[in-house]
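Trainee: Using the sequences and the accompanying hints, generate a full structural model.
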Amino acid sequence: MNTSDVTKQGVRGARPGREAVTGSAAVAGGDRRGRRRRGERAVVPEAEFRSYYGKPILNQIVWQAPDIAGYLFLGGLAGASSTLAAGAELTGRPALARALKYTALGGISGSLAALVHDLGRPARFLNMLRVFRPTSPMSVGSWLLVGYGPLAGAAAVTGATGLFPRIGRAATLGAGLAGPAVACYTAPLVCDTAVPSWHEGYREMPFVFVGSAAAAAGGMGMLAAPVEQAAPARRTAVIGSVLETAAATYMERRMGMVAEPYRQGRGGALMRVAKALTLAGAAGALLGHRSRALSAASGAALLAGSACTRFGVFWAGVQSAGEPKYTVVPQRRRLEKRRADGHGEPGGS
Amino acid sequence: MAIDEQPADPTAAGPGGGPPRMGFFTDTSVCIGCKACEVACKEWNMIPEDGLDFTGMSFDNSGGLGADTWRHVAFIEQRAPLGFQETGVGRPEREPVDLGMPSFERPGDSTGADERGDFRWLMSSDVCKHCTSAACLDVCPTGSLFRTEYGTVVVQEDICNGCGYCVPACPYGVIDQRKGDGRAWKCTLCYDRLGDGLEPACSKACPTDSIQFGDLDELRQRADERLGTLHEAGVSSARLYGEDPDDGVDGTGAFFLLLDEPEVYGLPPDPVVTTRDLPSMWTYAGAAALTLLAGVGAAFFGRRR
Ligand code: SF4
Ligand code: SF4
Numbered sequence: 001m002n003t004s005d006v007t008k009q010g011v012r013g014a015r016p017g018r019e020a021v022t023g024s025a026a027v028a029g030g031d032r033r034g035r036r037r038r039g040e041r042a043v044v045p046e047a048e049f050r051s052y053y054g055k056p057i058l059n060q061i062v063w064q065a066p067d068i069a070g071y072l073f074l075g076g077l078a079g080a081s082s083t084l085a086a087g088a089e090l091t092g093r094p095a096l097a098r099a100l101k102y103t104a105l106g107g108i109s110g111s112l113a114a115l116v117h118d119l120g121r122p123a124r125f126l127n128m129l130r131v132f133r134p135t136s137p138m139s140v141g142s143w144l145l146v147g148y149g150p151l152a153g154a155a156a157v158t159g160a161t162g163l164f165p166r167i168g169r170a171a172t173l174g175a176g177l178a179g180p181a182v183a184c185y186t187a188p189l190v191c192d193t194a195v196p197s198w199h200e201g202y203r204e205m206p207f208v209f210v211g212s213a214a215a216a217a218g219g220m221g222m223l224a225a226p227v228e229q230a231a232p233a234r235r236t237a238v239i240g241s242v243l244e245t246a247a248a249t250y251m252e253r254r255m256g257m258v259a260e261p262y263r264q265g266r267g268g269a270l271m272r273v274a275k276a277l278t279l280a281g282a283a284g285a286l287l288g289h290r291s292r293a294l295s296a297a298s299g300a301a302l303l304a305g306s307a308c309t310r311f312g313v314f315w316a317g318v319q320s321a322g323e324p325k326y327t328v329v330p331q332r333r334r335l336e337k338r339r340a341d342g343h344g345e346p347g348g349s
Numbered sequence: 350m351a352i353d354e355q356p357a358d359p360t361a362a363g364p365g366g367g368p369p370r371m372g373f374f375t376d377t378s379v380c381i382g383c384k385a386c387e388v389a390c391k392e393w394n395m396i397p398e399d400g401l402d403f404t405g406m407s408f409d410n411s412g413g414l415g416a417d418t419w420r421h422v423a424f425i426e427q428r429a430p431l432g433f434q435e436t437g438v439g440r441p442e443r444e445p446v447d448l449g450m451p452s453f454e455r456p457g458d459s460t461g462a463d464e465r466g467d468f469r470w471l472m473s474s475d476v477c478k479h480c481t482s483a484a485c486l487d488v489c490p491t492g493s494l495f496r497t498e499y500g501t502v503v504v505q506e507d508i509c510n511g512c513g514y515c516v517p518a519c520p521y522g523v524i525d526q527r528k529g530d531g532r533a534w535k536c537t538l539c540y541d542r543l544g545d546g547l548e549p550a551c552s553k554a555c556p557t558d559s560i561q562f563g564d565l566d567e568l569r570q571r572a573d574e575r576l577g578t579l580h581e582a583g584v585s586s587a588r589l590y591g592e593d594p595d596d597g598v599d600g601t602g603a604f605f606l607l608l609d610e611p612e613v614y615g616l617p618p619d620p621v622v623t624t625r626d627l628p629s630m631w632t633y634a635g636a637a638a639l640t641l642l643a644g645v646g647a648a649f650f651g652r653r654r
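Just so you know, the protein sequences line up as chains A and B, in that order.
Sequential numbering from 1 applies to the first sequence in the working numbering.
Sequential numbering from 350 applies to the second sequence in the working numbering.
In case anyone wonders, no lab produced these hints; they're calculated from the structure.
The C-beta atom is built at its ideal place from N, Cα and C for all residues, glycine as well.
Where hints are given, some of them may not hold.
Cross-link-like lysine to aspartate or glutamate pairs, in silico, DMTMM-like; alpha carbons within 25 Å at most [stated by the list, open to error]:
id: 1; chain 1: A; residue 1: 55; chain 2: B; residue 2: 398
id: 2; chain 1: A; residue 1: 55; chain 2: B; residue 2: 417
id: 3; chain 1: B; residue 1: 553; chain 2: B; residue 2: 398
id: 4; chain 1: A; residue 1: 55; chain 2: B; residue 2: 402
Some chain A residues judged to face chain B by a derived CB distance under 8 Å, without partners named [what the hints assert, rightly or not]:
id: 5; residue: 57
id: 6; residue: 62
id: 7; residue: 128
id: 8; residue: 210
So, partial list: chain A residues that the calculated Cβ filter (under 7 Å) puts toward chain B [to be verified]:
id: 9; residue: 87
id: 10; residue: 193
id: 11; residue: 232
id: 12; residue: 332
Mentor: Below you can see the structure in the form of structure tokens.
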């Protein structure tokens, strides 16, 4: 409702904002931040940047968190499980091998289902196999799954039925060799975007992902196999947990301000929970090699930790895409550095 | 399956002497913010209505580019001298034609120049950049996004399966998924009109020639001249954006003349096509895969229980 009146005496009841300086809130405000003098800098320098009404530069990621974070987690679990299952098969640990083969088949089916569910046009899923585009990790991944999926399936089915043992063994080994590729192609998949907190971490992300995958597969082995057979699963879990934690910590250190989303908000909370669960699970794996219950609990913690890592990475990406500063500030710095090095912007001011 | 081969150099004419690369030069210094381009684009491409919003961002009511906004006019209000965007710079000297419109005293006319506050309005019609190295096209797993014979980047809506990968891949925030439809949509540079020898709807509708369509080489030349004229006239804030074939996306097919830093218009200051780092990404991923293989292998050494 408009409360102001224009009368012969002038304007009555005008709103307080009427005399506001036009454009000062967004543009001049941005300027004020942007043009802060060196001397007034706070201890932690605030990011200096200008933007269009604070709107993000990038369009927000349209993927749904349960679908795509689930796709990352289940794919990793499946890939690492296959590799661990192959080892278990070769070293005569049938219970561990069988459990992990089922996990691999279940995981890769779930991963695929999540991906299809996330499509805007699920019926057109097969268009993924229309071309092979080496510049698209999603295309490479789809073709990888075409090779790996049947192997994981054959390994699980022959393991369950005992039929065709030779074929079963070949499939198990094949899936085991393809497993690491399945566990890590999703890292380039998320990093090959303009999302700052994903792209900038492309060097460490594959190590975070394979570490997380190994921790999950190891955890699954601890959960599902008797402790006598689960020693390699426990060791895999510990190796994976350490690798994941170290890679994630190093990634956050190296990325600078773009790492903020891994420490703040939902992404940050999930990353912290992931770290706690993963390290607790690893400790349980080291200590609980006699107790089935402790082993199972640690295994569950490792699985949950791995899932939290994927959700944490997912949300950190969403947070970084949703704020202009993560796009603008690093690019501005890069430009300024280039200009200082003597390569000016053509036509620049 | 087909190995997807993109033309090695989209800057060159198509095979067999196809048409030259076409593009847009958007000269924001003459934009009057009429939004004719937004309307023409919506009309011609039959883009669905996506909400009539009051954004509170000056006269901007479409917010930004997306699945249902392929031309977006940005409005920026600044406390900066108007002289930096004087109308008519570089245009032939001619008396304005009196259209007989009712006139009124302009604010500040009677108070004199000293009393007038500094104020300028920046308006810019944004669009898909039709990058030379287009991330959206690179990451599309279905081959739905492709490079046309005009060097433009177009989505084939009968192929797109709505995987949504192109959305976060675009460094400019252009392409987006349409709600309820599921597929990705963006500017086609009026691919259908070009085929019939027509210019795109937006540039056709632009009353000030702020949006210029044409052969990219010629547009670049025209833009350089325009920039020179503006700099000579003292408009020191004028700069070109996206015309440099050596930038992070190897130059864009739709480039701009801006009057302030790109981020003020909601454009990234130094965009880089994400796939530039992809070879390195695969290398790191390969190393990680081998690490996993070695780690799991190592787990089988040591005590059996
Ligand atoms: S601006 Fe974005 S949507 Fe347009 S061609 Fe470049 S990457 Fe693709
Ligand atoms: S949403 Fe459509 S156009 Fe975009 S990458 Fe996926 S298949 Fe290609």
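Trainee: Under 7 Å is the threshold here; is the Cβ of residue 87 (chain A) close enough to any Cβ of chain B for the hint to stand?
Mentor: holds, 5 Å
Trainee: Can the restraint linking residue 55 (chain A) and residue 417 (chain B) be considered satisfied, given a maximum Cα separation of 25 Å?
Mentor: Holds, at about 17 Å.
Trainee: Any CB of chain B closer than 7 Å to the CB of residue 193 (chain A)?
Mentor: holds, 4 Å
Trainee: Hint check: residue 55 (chain A) vs residue 398 (chain B), CA-CA at most 25 Å. Holds or violated?
Mentor: Given that 25 Å is the threshold and the Cα spacing comes to 21 Å, the pair holds.
Trainee: Please check whether residue 128 (chain A) passes as an interface residue: C-beta within 8 Å of a C-beta belonging to chain B.
Mentor: Given a least distance of 5 Å, the restraint on residue 128 (chain A) holds.
Trainee: Can you verify the interface hint for residue 62 (chain A): is its Cβ closer than 8 Å to any Cβ in chain B?
Mentor: Holds, because the Cβ-Cβ distance from residue 62 (chain A) to chain B comes to roughly 4 Å (cut-off 8 Å).
Trainee: Next pair to validate is residue 55 (chain A) with residue 402 (chain B); report whether the Cα-Cα distance is within 25 Å.
Mentor: Since the Cα atoms of residue 55 (chain A) and residue 402 (chain B) sit roughly 15 Å apart, the hinted pair holds (cutoff 25 Å).
Trainee: Holds or violated: the hint that residue 210 (chain A) contacts chain B, with Cβ atoms closer than 8 Å.
Mentor: At about 4 Å, which falls below the 8 Å cut-off, the nearest Cβ of chain B leaves the hint on residue 210 (chain A) intact, so it holds.
Trainee: Less than 8 Å between beta-carbons is the criterion; does residue 57 (chain A) satisfy it with respect to chain B?
Mentor: Holds, about 5 Å.
Trainee: Have a go at the residue 332 (chain A) hint: is there a Cβ in chain B nearer than 7 Å to its own Cβ?
Mentor: holds, 5 Å
Trainee: For the hint on residue 232 (chain A), does the least C-beta distance to chain B fall short of 7 Å?
Mentor: Check passed: Cβ of residue 232 (chain A) comes within 4 Å of chain B, closer than 7 Å.
Trainee: Holds or violated: residue 553 (chain B) with residue 398 (chain B), Cα cutoff 25 Å?
Mentor: holds, 22 Å
Every hint, counting from the list given before, is met by this structure.
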